[in-house]
Amino acid sequence: MQMLRMRLLAILCLALMAGAAASGQAQASGRDRDRSGERAMADRAISLDEAVARAERRYDARVVRAEEKRHGDRIEYRIRLLGTDGRVFEVRIDAETGRER
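Each residue of the sequence shown is one higher than the one before, starting from 562 at the first, in this note's numbering.
To be clear, the hints were calculated from the coordinates, so they are not data collected in a lab.
All figures in this text were calculated on a predicted structure; none of them were measured in a lab.
Fair warning: there could be bad hints in the mix.
[Unchecked claim] Derived DMTMM-like pairs (lysine to aspartate or glutamate); straight-line CA-CA distance at most 25 Å:
hint : residue 1 : residue 2
1    : LYS630    : ASP604
2    : LYS630    : GLU657
3    : LYS630    : GLU651
4    : LYS630    : ASP610
5    : LYS630    : GLU611
6    : LYS630    : GLU617
7    : LYS630    : ASP655
From just these sequences and the hints, can you work out the full model?
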């Protein structure tokens, strides 16, 4: 009986250590992803929110939709606006330069 308890205790300890190791790796992987996201944000001249505000001011229009599109390593903001004349039009802004395309 004593031997059975020792084996069960050993198995339980191994399972706990394996779980802790997997958890540590997952956390490290998450941190790496966060850092890559931070690098991507650092490469941008403006955020999507800033691009939206600029487009609204420049065209005196209301934003209907705004999204981020990736083209390889380039990021482009596509902003759909509703003009005062009722027309809907799209503006594309390069995230790295902040310039309209």
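So, going through the hints one by one against the coordinates:
no. : hint              : verdict
1   : LYS630 <-> ASP604 : 15 Å, holds
2   : LYS630 <-> GLU657 : 13 Å, holds
3   : LYS630 <-> GLU651 : 13 Å, holds
4   : LYS630 <-> ASP610 : 14 Å, holds
5   : LYS630 <-> GLU611 : 16 Å, holds
6   : LYS630 <-> GLU617 : 19 Å, holds
7   : LYS630 <-> ASP655 : 10 Å, holds
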